[in-house]
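One letter stands for each residue in the lines below.
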Amino acid sequence: MSRPSLFGRVAPNGSERAAERFTQHGLNLVISIPGTQVLPLWDAIDRTEGLKLVVPRSERSAGFIAEGYGLSSGRPAVVVNTLGPGVANEAIAVASAAKSMAPVLYFTPCQPQAKRSRLPQVFQGLDHSAYMAGTALDQSLCDDAAALEGMIDAALGAAMGSPTGPVRLDVAFPVLFRRTPKFVATPLRKIASRPPLAAPGKDLILALEDSSLADGDLLDRAGLGGAMRRREVHPGIDAAGSGLSFALGLRLGRPRSPVVVATTVEGLLAQLGVAVVANSQRVGLTFAAFEGSSAAATVRKAAEATGAAWMPIAAADDPDAVRAAFGSRSRGLTVLVDG
Amino acid sequence: MDFAQTTSSDGVLCFAAGAAANAIRGSIALRDAQAAAHAADGAARAGGGPAITAAVGLADSLRLAAGLVTACGDRLPVVAAVALSSDEADVALPALRTASRTLLDLRDGSAMGDLAQLLATRSPVVVVTADSESLATAVEGAASAIADWSHAAAVAAFDDAESESATAALPALRDSKRPVILVGRGAAVGSDPVAIARLAKTWQAPVCLTFSATGMPASVLGRFLAAFSADVPVLPAGTVPWSTALARADRILALGSGVAETDWFGLTEARLVRTPVTLVALEPESEGVAETIVNCEAGSFSMALVEELERGGALTADGWSERFIEARAKWTELVDDEAQRGVGDEVLSAALVARQIVSAAPAETVFVGEGGASGMWLASYAWLRPIAMPAQHASIGASIGMAVGIAAAEPQRPVWAVVGDGAFFYCARELATLTERGAPVVVFVFNDRSWNAIRLVQTLFFRRRTVGTDLPSVNYRDMADLHGAESIRVKTAGDLAKALSMAQEPRTRPLVVDVRIEKGAIPFVGANLILAEVDGVLRSLSGAAAVSSGVAAAKDRPALLANLRVIRGAVRK
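Those protein sequence lines, which keep their order, are chains A and B. What the first sequence shows, in our numbering, is residues 1 to 339, in sequence order. What the second sequence shows, in our numbering, is residues 1 to 573, in sequence order.
No lab work stands behind these hints: they were computed from the structure. Bear in mind that the values here come from a model prediction, so they are computed numbers and not experimental data. Certain hints may be false.
Said to hold, decoys possible - Below, a list of computed lysine to any residue pairs in the SDA-like style, where the Cα atoms sit at most 20 Å apart:
no.	chain 1	residue 1	chain 2	residue 2
1	A	301	B	489
2	A	301	B	166
3	A	301	B	478
Let the hints inform the model, and build the full structure from the sequences given.
Listed below in structure tokens is the structure:
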């Protein structure tokens, strides 16, 4: 695992070993909001073939992307947010994934042992495991570089166990930074495979921001997806303002399935940052804001401000427009306007 | 209590979202419960009095907890009231308990007790109720209990029972030759500044403010500074004179329980600074690396030390304190010089923008910043002016929510906030809340198309491999328009002058200034925060830092050189 450098081959640090372990388990998506302590991991991800890094615009969004991804792919994404307030921001998404039983690995840098005994005195000091005691399915903590791979295996085993769900692995950040010349990786403990909870194949997925938006006629009214089998999914808990993140995760995990996310105009305005990210990722995704013609101008303006395409629902009778609205891997976000 | 009838001067403000806003008559409604917690934080931080935030249900309570973490780090007097069913409480209470210092569960018959005293020493306080109706009752009760609250009065209720520890600490302090007084927020707002000033004068000690103390309420700041004569240097957090004083001191007297390791370079792993610290605080939670703990009110202890010094005479080295008056003047000159350098055709230097913003802001302005590079740039120039900024957690994404609270608590003062483009979307929707309330807050978006503070660490430690820190281009004018705010885009010095002129005009809705600034600039304050973040691996990173600095110097000379010019000039002094 060593890699060449100006000064000869250098031993891997904990971040490089973790990235390698993720790929050995077949994981390929890391979602992360930066902080200083996550940077060695970003560096390692960038050097590791097969790992994709998505950087959304808040930790909360990162968590909901991971929940959608876990449900649609049947595999965990790795969420790497920074310690302290970064962890606090992701708690609602952890609780949501626990309720929907979406497998997610929250891999978080934490303070080293010497500092954890006096966290209120420490910069960005927060007791992660106490904070998350009510939300995560399982939590563990790695202070020992030699144990890193084994603890990743165990955490993924818990995420893919019965029930599936979000697990947290705190890793003391010196483990992530320091090089470990004499480490011997423990043999890989394979994790169980699970079928995705969302629709298989090319079925259309309708992502509802929360269950109150359930509307059996929604797609029919839009003239979309009549001939396709479809499945409605929504996050585990009320995710007002997070539905687009959830839908982005669904699409990343199931690239062949069209995903339509239904929200309100208020929901759309609360998610402009995610719309920018979804668009920049060029992940085909349809975002339907159904609130009548009075809001149409706002929706159009919001679509244009985020760089997304938009089309009136009436145009969805046109088969070409329907295909465009469903998006493809080469397109970004399309916003449907009812009115 | 009808919150609709209250303002900051005659009552307590309550900020809520969703069902809680409906349940609590007259509360200020925000779009998001996390932003509501930030608004209460801002009102308490800048207004000085306590504020309330409220949420109903699991999702909003978890959002509120996330915002409360920032208020807890800086020990702000915030009451967070939540309504949770039994099942919801199992999930949310661990987060709420960890995000606060006191949790009162009214469902099991607990009473709110002496809320005023709790807010002074163990803030924030979480109050748990069972449903919306009991939530409204609890909020009303809390508001009545703290309507006449003052930090100083609440602190005065403590008797100095631990006077023995105070007496025992005095000799070591008296023998100090290079003493520094480090003032935390608790001491700044709750203790008599005259007592601290008298100690500084008698002991000939420079006074270093922590980041959270630098953000003391505008009404307190003037009184605090007025207590100090011109020959006592008061040094704002993060500046080079501040760092130098702490690094060269032979004894740090830390006043106030809000003082944390970052505030005295408590680099315990790196052992870079081993200056002994005497911590004076009411109910300190943990010893940290303090050599001595004194459980005492800061003003009382200051007077006790003054008496000790007057009896035995101070041993302070000649010129120790005076040198920092000169250093402070030199620092101001250096950063002003740097601000004059950077104007490009289509992009402005961050130093210039920050300097111009601070210069143009009316004298009574409250500035709002956050933990990223934009906040550090603001702090580089807004020193010894009121600035509300998360200190202990250096949180990002809080400033627009905080501005809602500050505008409500200090309606007569202009509120000028800065936000980085990376953090803009955390609370951007609250621009619509400001619009609805007719709050003329000015929000400057430092648009450098990057996560700049993080990029800085990549420059310093990762050979300038800027993985993941570029942001897609966004037109923040369009975003402002969507929330009903006025907006202007700035690319040139002429644009900036026009924008600042707009900012000074009276208005009835917020103004968003989208400022295109250089990428990769390094703020002049905040080095202690970077060091605190990598404390634990500093030694193992020293080789990487040396190589990275070489690479950065070759590839990125202007940013590094500007910083080195300022630091070298300040240290020479």
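For the pair supplied as a hint, residue 301(A) and residue 478(B), confirm whether the alpha-carbon distance does not exceed 20 Å.
-> Roughly 8 Å separates the two Cα atoms, so the pair holds.
Sort out whether residue 489(B) lies within 20 Å of residue 301(A), counting only the CA atoms.
-> holds, 18 Å
Can the restraint linking residue 301(A) and residue 166(B) be considered satisfied, given a maximum Cα separation of 20 Å?
-> Measuring from Cα to Cα gives roughly 64 Å; hence the hint is violated.
Violated hints amount to a single one, hint 2; each of the other numbered hints is respected by the structure.
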